[in-house]
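Novice: For the first sequence, UniProt numbering begins at 1 and goes up steadily by one.
It cannot be assumed that every hint is accurate.
[Said to hold, decoys possible] Cut-off 30 angstroms, straight-line C-alpha distance, at most; resulting in silico cross-link-like pairs (DSSO-like, lysine-lysine):
(1) K115 to K60
(2) K224 to K251
(3) K115 to K163
(4) K6 to K117
(5) K117 to K161
(6) K164 to K21
(7) K271 to K161
(8) K251 to K354
(9) K60 to K2
(10) K60 to K161
(11) K115 to K2
(12) K354 to K302
(13) K163 to K269
(14) K271 to K231
(15) K163 to K21
(16) K231 to K289
(17) K161 to K2
(18) K224 to K77
(19) K101 to K77
(20) K229 to K163
(21) K117 to K60
(22) K200 to K231
(23) K154 to K269
(24) K224 to K21
(25) K302 to K251
What the hints contain is simulated information worked out from the structure, not anything from laboratory work.
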Amino acid sequence: MKYPYKNEFTSNLVEWYHGEKRDLPWRRTNDPYKIWVSEVMLQQTRVDTVIPYYNRFLEKYPTPQSLAYAPQEELLKMWEGLGYYSRARNLQSGVREVVEKYDGQVPNNRHDLSKLKGIGPYTAGAILSIAFNEPEHAVDGNVMRVLSRVLHIKEDIAVTKTKKIFEEAVMDLIDQDDPGAFNQGLMDLGAQICTPTSPKCLLCPVREYCMAFQEGHPEELPIKSKKTKSKTIQYNVFVIKDGNGHYLVEKRPDEGLLASMWQFPMLEKLKNQSSEKIYEALENNYNVKLKGNLDNPILEFKHIFSHLTWEMAYYLVEAEHEGDRSEICGFYSLEEIGQLPMSVPMLKVLNSLK
DNA sequence: AATGCGGGGGT
DNA sequence: ACCCCAGCATT
1 MKYPYKNEFT SNLVEWYHGE KRDLPWRRTN DPYKIWVSEV MLQQTRVDTV
51 IPYYNRFLEK YPTPQSLAYA PQEELLKMWE GLGYYSRARN LQSGVREVVE
101 KYDGQVPNNR HDLSKLKGIG PYTAGAILSI AFNEPEHAVD GNVMRVLSRV
151 LHIKEDIAVT KTKKIFEEAV MDLIDQDDPG AFNQGLMDLG AQICTPTSPK
201 CLLCPVREYC MAFQEGHPEE LPIKSKKTKS KTIQYNVFVI KDGNGHYLVE
251 KRPDEGLLAS MWQFPMLEKL KNQSSEKIYE ALENNYNVKL KGNLDNPILE
301 FKHIFSHLTW EMAYYLVEAE HEGDRSEICG FYSLEEIGQL PMSVPMLKVL
351 NSLK
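All chains should be built: construct the whole structure from the sequences, respecting the hints.
Specialist: Here it is, written out as structure tokens:
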């Protein structure tokens, strides 16, 4: 690497980190299990969002053993609202393997860690450097942004292969004595100073050693090519209430979007579909007899995922029903529904019912 | 290599 | 609107 400031950059970054680091819950422990939980929650998720989830989660599951066999419904409820729910299932799967195969001790090498569900190159490096003080790379979006500027790397970070450049750069620059501070310093710098737009270079502890700052246009890095294409789906959602004040809810399939989360029944809104056809479909699918009509929605809003948009129209319908609950469908009281894991768009209408 | 997977905050 | 966020699993 033809970068002239290697030692100065590293020592200034680590020194800055020790002086300016934020007081975050997962920085008050070296327990690899707790670091692991924090890193999984932080995947694609902001620090401020994670903090309350992290605290509640570790209060409920303070040890690998306590998480390993927790009921999935309870686990998803703890993760409710955090998104990317497969993270929770993968975390539990990985933790269960640690309990069964490693006697509850989190592996301290990249080879074994990487075999655990939900642990990829970044998370393995984060656990190793932070909990075990191992000089391993942990390259995330922050690190690619910061180092693309410091080292003036113009490769497209949307290309998979590019990450290898940054991993090698970290291995070259990392502080051998305090790798955790180095990796977290890069991330803190990216979060607080070296931000995507309008980086605060005047406050930056390493601007003297930043090639992009010297060139004059750090905000133009990193280069990222891909664009997001998102489609829209319209749904009618049916809040079906029986004579006892119970509501019909169902469990989503155990794979795909919002897997295993509960919801009020919803049907894609089709063009020119009559109310009669909709009622017929609902009555056949759910074995109910509906009363009233579909006049005015009680609630309408958009819910935006990263890759698609749901346009939701919620209707309140009264119904008679027969038969019992199944594993995946049934009439429940509001109190009972409150115990089930539901996605944010469903929680919005649930809260409006209370 | 490309795509699916949540939700919230910043600009 | 669009972008980004302490990414990973699957294909």
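Novice: Taking the hints in turn, state whether each one holds.
Specialist: Against the structure, the hints:
1. K115 to K60: 26 angstroms, holds
2. K224 to K251: Given that 30 angstroms is the threshold and the Cα spacing comes to 38 angstroms, the pair is violated.
3. K115 to K163: Holds, at about 20 angstroms.
4. K6 to K117: 35 angstroms, violated
5. K117 to K161: 22 angstroms, holds
6. K164 to K21: With a Cα-Cα distance of about 27 angstroms, the restraint between K164 and K21 holds, given a limit of 30 angstroms.
7. K271 to K161: 44 angstroms, violated
8. K251 to K354: 21 angstroms, holds
9. K60 to K2: Not OK: K60 and K2 at ~49 angstroms, beyond 30 angstroms, violated.
10. K60 to K161: Distance of about 39 angstroms is beyond 30 angstroms: violated.
11. K115 to K2: With a Cα-Cα distance of about 35 angstroms, the restraint between K115 and K2 is violated, given a limit of 30 angstroms.
12. K354 to K302: 21 angstroms, holds
13. K163 to K269: Measuring from Cα to Cα gives roughly 42 angstroms; hence the hint is violated.
14. K271 to K231: 17 angstroms, holds
15. K163 to K21: Holds: K163 and K21 sit about 25 angstroms apart, inside 30 angstroms.
16. K231 to K289: 34 angstroms, violated
17. K161 to K2: Between K161 and K2 the Cα gap is close to 21 angstroms, so the pair holds against 30 angstroms.
18. K224 to K77: 35 angstroms, violated
19. K101 to K77: Answer holds: K101 to K77 is near 27 angstroms, not above 30 angstroms.
20. K229 to K163: 23 angstroms, holds
21. K117 to K60: At roughly 21 angstroms apart (the allowed maximum being 30 angstroms), K60 and K117 satisfy the hint.
22. K200 to K231: 35 angstroms, violated
23. K154 to K269: Violated - the C-alpha atoms of K269 and K154 are around 45 angstroms apart, more than 30 angstroms.
24. K224 to K21: Within the cut-off at roughly 28 angstroms; holds.
25. K302 to K251: Judged against 30 angstroms, a Cα distance of about 21 angstroms means the pair holds.
In summary, the numbered hints that this structure violates are 2, 4, 7, 9, 10, 11, 13, 16, 18, 22, 23.
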